[in-house]
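All chains should be built: construct the whole structure from the sequences, respecting the hints.
Given next are the chains, with one letter for each unit.
There are 4 protein chains.
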Amino acid sequence: MDNKTNRDWKDKLHEIIYEADTPAGKLFDLILLVAILASIVLVMLESVKSIDARFHTFLDISEWIITILFTIEYIARIVSVKRPIKYITSFYGIIDLLSTIPKYLSIIFAGTHALVALRALRLLRVFRILKLVRFLGASNNLVLALKASRAKISVFLFAVVIIAVIIGTIMYLVEGEENGFTNIPKSVYWCIVTLTTVGFGDITPQTPIGQFIASLVMILGYGIIAVPTGIVSAEYTAQNKPKEAPKDNPVHVNTQCCVNCLNEKHQDGAQFCYKCGCELHHD
Amino acid sequence: MDNKTNRDWKDKLHEIIYEADTPAGKLFDLILLVAILASIVLVMLESVKSIDARFHTFLDISEWIITILFTIEYIARIVSVKRPIKYITSFYGIIDLLSTIPKYLSIIFAGTHALVALRALRLLRVFRILKLVRFLGASNNLVLALKASRAKISVFLFAVVIIAVIIGTIMYLVEGEENGFTNIPKSVYWCIVTLTTVGFGDITPQTPIGQFIASLVMILGYGIIAVPTGIVSAEYTAQNKPKEAPKDNPVHVNTQCCVNCLNEKHQDGAQFCYKCGCELHHD
Amino acid sequence: MDNKTNRDWKDKLHEIIYEADTPAGKLFDLILLVAILASIVLVMLESVKSIDARFHTFLDISEWIITILFTIEYIARIVSVKRPIKYITSFYGIIDLLSTIPKYLSIIFAGTHALVALRALRLLRVFRILKLVRFLGASNNLVLALKASRAKISVFLFAVVIIAVIIGTIMYLVEGEENGFTNIPKSVYWCIVTLTTVGFGDITPQTPIGQFIASLVMILGYGIIAVPTGIVSAEYTAQNKPKEAPKDNPVHVNTQCCVNCLNEKHQDGAQFCYKCGCELHHD
Amino acid sequence: MDNKTNRDWKDKLHEIIYEADTPAGKLFDLILLVAILASIVLVMLESVKSIDARFHTFLDISEWIITILFTIEYIARIVSVKRPIKYITSFYGIIDLLSTIPKYLSIIFAGTHALVALRALRLLRVFRILKLVRFLGASNNLVLALKASRAKISVFLFAVVIIAVIIGTIMYLVEGEENGFTNIPKSVYWCIVTLTTVGFGDITPQTPIGQFIASLVMILGYGIIAVPTGIVSAEYTAQNKPKEAPKDNPVHVNTQCCVNCLNEKHQDGAQFCYKCGCELHHD
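Protein chains in written order, with the working numbering: chain A, 1 to 283; chain B, 1001 to 1283; chain C, 2001 to 2283; chain D, 3001 to 3283.
Derived by calculation from the structure, the hints in this document are not laboratory data.
Predicted, not measured: the structure shown is a model, and the values here were computed from it.
The C-beta atom is built at its ideal place from N, Cα and C for all residues, glycine as well.
Treat the hints with care, as some may be off.
[What the hints assert, rightly or not] Once the Cα atoms are required to be at most 16 Å apart in a straight line, the calculated EDC-like pairs of lysine to aspartate or glutamate come out as:
(1) D:Lys3103 x D:Glu3063
(2) D:Lys3049 x A:Asp11
(3) D:Lys3103 x D:Glu3046
(4) B:Lys1049 x C:Glu2177
(5) A:Lys49 x B:Glu1177
[Stated by the list, open to error] A few chain C residues facing chain B, derived, Cβ under 7 Å:
(6) Ile2163
(7) Ile2166
(8) Thr2194
(9) Thr2197
(10) Thr2204
(11) Val2227
(12) Ala2234
[To be verified] Calculated from the model, a selection of chain D residues having no Cβ within reach of chain A, i.e. all distances over 12 Å:
(13) Ile3016
(14) Ile3031
(15) Ile3170
(16) Asn3179
This is the structure:
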């Protein structure tokens, strides 16, 4: 009986933390989202010398509060799943751990720069909560259109890279090291900067023939920017037309998550996990 | 009887100032538009040192003329509505006041730089007159398409910001302060500059690995620029197709404005304000 | 009888020069196109100091040859029309004269720089021959789509300018003269550079708040670039759909040109000018 | 009989090298693709001074291995076709030779810089293998859409060049040599940089009137970028609509290649070359 209560309590916790169907679950996700964004703002502000100098103590305390919150959340996540090892070794389990420990490590390895990188990983956690976005429902067609055009855009971007390598090599030979095109990788970098119409201007062609080739590259880039746009447009138009959603590839809006195996893609109204058979929880 | 004449006169004034259905109303809007644009040009020219030095007196007098015109208009607007307080406290009421007083304030606080900001607010007044644009009728479908795609474009831009923060942090760690990436906010700024293909070139990656990441960011930016374009294209195509305008979300072309409550969204042919029941005026 | 022969000869000349229906007419247009392009290349090369120094005599002689060719053509055009005054005072008549005289003027006003501008006007003559393009037939739908979307794109560009002025003024106040935003027109120029994703980098925001606003402007620019693209896409799709060309607004492919009044928009198979009744010539 | 075996062996080799229908053929193409990409990476790394200094021996040996592999392949290609001369004088035959010999030539002409150009030609060989891409099948509609819009995009790009020349000349006259617009070709280069929204910033307008013209050019560029995008979008939508592929212009997916005349465009199920009547080989 005690065991039953214990399991119920764990189930409740699981529902709050892993799912977003209940008000409590949505609230938890919202608080977590705010905490993550706040922690990112902290990392940013700390990197600014002048701010860090003036508000060091405040930033330090805030960071500890965030770290403790993340620690509690991490423990709660481990406790509420049936197979903690599976969670700990999962992608988000590792991210959760890595985004919690930097502050603890900073006591041992004081002033290690690379810990900032670990803390920046926290942003990846946003994507877990973004299953919330699914509820917006608004962007479903968009997601489908992007899925449908993924292959074509990849082929296109691959072609862009090939063109950049060929033109980059030509520009290396034409302009040479004295005009900033010190080696082929740098020339290719310049070519990508130009082809994508970014145009930093840190390296620019100086010889007339180099400027002529650059002009061709720019006009080419101007012309081919039409390709990915055309693809997405057309796919999106295609997705929009049949008002009945395509059955074979629907965007998943159910946020239930199996307590046992952490599997997430359950059908609406599912009573049991379709993978391990473990019972799913409803309100 | 005298009261009746007085009301008629006010009604006439109201019709001229607030509506654009009558020739007089259109003329008033046109003059106001010219005055606003002229006042903006004045603000611009005054900010140019060399022009201000040579034509100071001319600019000063012109500014006084504009200010007096705006003052008269402001008083006329107050007089012609039934509830002046409602107009004065409304968004455009405040804008009208703020764009009128700078010149008066400049007598008291001579040479205060921030008054320029107040005068620049005048441009916001253009949007009030832009209800004129509705008569063009041409851009109705466009407005509908933009409304329909607003939510999706917001989601997209939010995703762009998240990507910029993640890549910005990575670039801060890779390039470091010696190459201009002095802190994370500045790195994020650089990343947005690059991702949107603007490419100022004030900060550029100097290390090979930094240039490689930059190349990926640029190609990514080149690829994802297709997304908002695709959305607007598809929505616009969708809006264009059914020649009968969608009934639930029509663009409003009636410019009548209630004398009593300043409400503007009246149906064509409406005799009374649908909010306060006050009679509307026709030619 | 002699008069008849004379008229026939003039008519023949008119057909060759002004129309492109006959082989002789097409050949004339082609030679003229080559001559115009060659003359433009000459103007370009002359402006390059090092080339002008080495090949001055060659360029000078070539320029004289082109000038004499253009003179002959100009006289032939005057002779072959019935009302020479009408041609001389027409848009292309003036362009033809202005693109012919610079070399003659250069004898009188030696070394006047502005004569280059007159010679550059020759490029405008290309557009007259571009009625040849109509024969390609390929771009008719495109032309229609552009015509249909002209009004909407104008409204859009007008909105871009308003946004640029408002943001430009804000940036002038935020960044100030010490960071390169010396006056409002320059700030607006910077804003247009940024909003259109050109990003020269000659002026860049230096303050954190300025960089933040710049980021918003860039993301905004990234978002709104979708609008003109969406418009053209949708219009072009719409133009493409009904295979029967819209009757009310057809692209004109007939190149006949009235000898009398220089009117050009004749229907296919027209025997007489629809404006002055003068007979049109066929092969 | 021996002759028969010999021919069979050659046929087998031909099928492996020139076709991609069999597993062996696909494997060969894959290995070749990897070898080409590896050779390109080698060329790139060699151009980087610091890497070349440290790993010169390794790069040199790798280059020799690649060269020998390419030599074997080149000989195999000559052996397996019936008319070696035709292969040797074909486009890809020359590319294959040119991308093989640089290392041999480097023994004779030690340190000749231009040999890098020859080695860079290897990238062109990728396109031969890219007939593999056809099997992806995904981009067929895209290829058709691009083919259909090629003519229109060419006309568009031609118009862009004309605009660039006219505006470039105007900017040369307005800004003059003291502001970096040293000659008309350079001005045209600047104009293309601006019109395509690349914006290097190596040359920027300094005079107010120049900045005003530049603003117009940028807004123009912003507006006309919509044109190629609209064309591709619309064409792609058009290609997507009729699910039955257009019969008159299908993308070729058959990779059979005639042993005799190297002709490649065979119909599926073809038994004999449609050009020379030579029998084709199947698995």
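Hint by hint, here is what the structure shows:
1. D:Lys3103 x D:Glu3063: The given pair, whose Cα atoms are some 8 Å apart, holds under the 16 Å limit.
2. D:Lys3049 x A:Asp11: Judged against 16 Å, a Cα distance of about 62 Å means the pair is violated.
3. D:Lys3103 x D:Glu3046: 13 Å, holds
4. B:Lys1049 x C:Glu2177: This hinted pair holds, its Cα atoms lying about 11 Å apart.
5. A:Lys49 x B:Glu1177: 11 Å, holds
6. Ile2163: Hint violated; C:Ile2163 Cβ to chain B Cβ min 10 Å, cut 7 Å.
7. Ile2166: 5 Å, holds
8. Thr2194: 6 Å, holds
9. Thr2197: Hint holds; C:Thr2197 Cβ to chain B Cβ min 5 Å, cut 7 Å.
10. Thr2204: Since chain B brings a Cβ to about 4 Å from C:Thr2204, closer than 7 Å, the hint holds.
11. Val2227: 6 Å, holds
12. Ala2234: Interface hint status for C:Ala2234: holds (4 Å vs cutoff 7 Å).
13. Ile3016: 25 Å, holds
14. Ile3031: 19 Å, holds
15. Ile3170: At roughly 18 Å from the nearest Cβ of chain A, D:Ile3170 sits farther out than 12 Å, so the non-interface label holds.
16. Asn3179: 16 Å, holds
Checked against the numbered hints listed earlier, the structure breaks hints 2 and 6; every other hint is satisfied.
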